[in-house]
Amino acid sequence: MSRIAMKVNGADITKDVADPTLLSEFLREHLGLTGTHVGCDTTQCGCCVVHLDGVSVKSCTVLVGQAAGHAVTTIEGLAEGGQLHPVQKAFRECHGLQCGFCTPGMIMAATELIATYPGTLNEHVVREEMEGNLCRCTGYHNIVRAILTAAEEMLGPDRVVQPASDHAKTEG
Amino acid sequence: MYPLVYHRPKTLAEAKELFGAGADATFLSGGHTLLPTMKQRLAAPSDVIDLTAIPEMRGIAVEARLLKIGAATTHAEVAESKIVRDAIPVLAGLAGSIGDRHVRHRGTIGGSTANNDPAADYPSAVLALGATIVTDRRRIAADDFFTGLYQTLREPGEIVTRIEFPIPDSACYAKFRSPASRYSIVGVFVARTGKNVRVAVTGAGASGVFRPAEFEAALSADFRPEAVAHCSVDPDSLLNDLNATGEYRAHLIRVLAGRAVAKPGALQSFK
Ligand SMILES: Cc1cc2nc3c(=O)[nH]c(=O)nc-3n(C[C@H](O)[C@H](O)[C@H](O)COP(=O)(O)OP(=O)(O)OC[C@H]3O[C@@H](n4cnc5c(N)ncnc54)[C@H](O)[C@@H]3O)c2cc1C
Ligand code: FES
Ligand code: FES
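As given, the protein sequences belong to chains A and B, one line each in that order. Following this note's numbering, the numbering of the first sequence begins with 1 at its first residue and continues without gaps. Following this note's numbering, the numbering of the second sequence begins with 1 at its first residue and continues without gaps.
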């Protein structure tokens, strides 16, 4: 048992927790932040992605002690003043989800990608950089569109190349 | 998970003391091999000693034509480092090709080298570049360090603190990834310094990373992709598993060696 102090979504938290507790387990079961999902628990699927000091990590593969003294942001911490984060908004508008199980991890991964990627974001880059996040429903197409839509809103049109729309493609 | 005690020492001395005091202690760096292994019950340490808060384990620098990277440096830090990109560009490329971006944010060069997974990327660079593994008690040449599948010369309680890479004239890496696991089925790292060429193959060897002598001789004589066209590795010395047969891996070694040499300085990842 250790006394763990960390910042979670901006709030200072102190709890006594057993050492083998995973960060994902701590967030869900000790803090009730069940937006962070556990899909595989084997570091494969990315459903559990949160930000640790602004960097995306698979929280099922971090011991709570490793995160002690650091700042964690979960999907619950993204919206500000009742306003959805641009990535959340874009997932809704672009139909970037079906069952929604992968969505919190997708959105946390995408917000970090947009915030930190140094170059121009395009469909290829997004697909490569998001390969640590698996979705069993959507076929990824609308997830990529959602991310590029949000990226354009956040970074401006100069940093983002939108894919040619399916509609434009069929029209030649 | 099952009971364990987590420690985060601030000095090497403290880490060694904790290791000695634990019934069955182990070190933790990025945890991206250790924690999945523990969940599978393939490891059940009593004490987990996190090495990442120890200052000696961090930092990237070039001194006397040696690129020195602290063991707790993450794959993402190596991939983004200007020092690494200037000194050995393909090493930054290799680090940026490991797993996915979340794995790269946690996994470390020291953890990967100490673990010596037969499919890991770093051991090929460490061996081909003739790096030195620096520990809390000695310096070990890469040629001696990797001794078999998940086996190294490291003694119980010995801490890898940094890796020192001699800077070559040029180096290149070509790998073929399993689309499911993201690990290399075959990766070929080629380093050239003057007329001396060293080649290391990961993902394929039945006893882990190895240097294919015939390829090194051919490329030392003639540093062109064509030089390896007739080189071969005995398929019986290679892994034969659900990802690929030994014959297929032997074929990939030749193809990837040729592709690597065709693009000096470049990381090429195929899937
Ligand atoms: C989904 C996924 C995909 C991956 N894909 C790839 C890939 O494509 N290529 C690749 O190369 N790797 C891949 N990895 C492995 C990843 O790079 C690991 O992070 C790495 O191999 C181990 O580094 P670590 O810092 O996480 O080590 P840890 O898990 O912390 O430690 C691994 C082992 O080394 C020991 N150890 C750690 N540091 C030291 C030290 N300084 N001194 C002595 N012993 C030490 C530990 O006790 C443990 O036994 C993948 C991992 C995952 C989860
Ligand atoms: S639950 Fe963490 S990666 Fe799948
Ligand atoms: S929306 Fe169902 S897993 Fe992605």
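Don't take each hint at face value.
[Claimed, not checked] Here are the simulated lysine-lysine pairs, DSS-like style, with alpha carbons at most 30 Å apart:
| # | chain 1 | residue 1 | chain 2 | residue 2 |
| --- | --- | --- | --- | --- |
| 1 | B | K10 | A | K7 |
| 2 | B | K10 | B | K82 |
| 3 | B | K68 | A | K15 |
| 4 | B | K10 | A | K15 |
| 5 | A | K7 | B | K68 |
| 6 | B | K68 | B | K16 |
| 7 | B | K68 | B | K82 |
| 8 | B | K39 | B | K82 |
| 9 | B | K39 | A | K15 |
[Claimed, not checked] Stretches of chain A that chain B covers, calculated by requiring three or more beta carbons in the stretch to come under 8 Å of a beta carbon on chain B:
| # | stretch |
| --- | --- |
| 10 | 138 to 150 |
| 11 | 155 to 163 |
To be clear, the hints were calculated from the coordinates, so they are not data collected in a lab. Quick caveat: nothing in here was measured; it's all calculated off a predicted structure. Glycine residues also receive a C-beta, built at the ideal position from the N, C-alpha and C atoms.
* Which hints, by number, does the structure contradict? -> 3, 5, 8, 10 and 11
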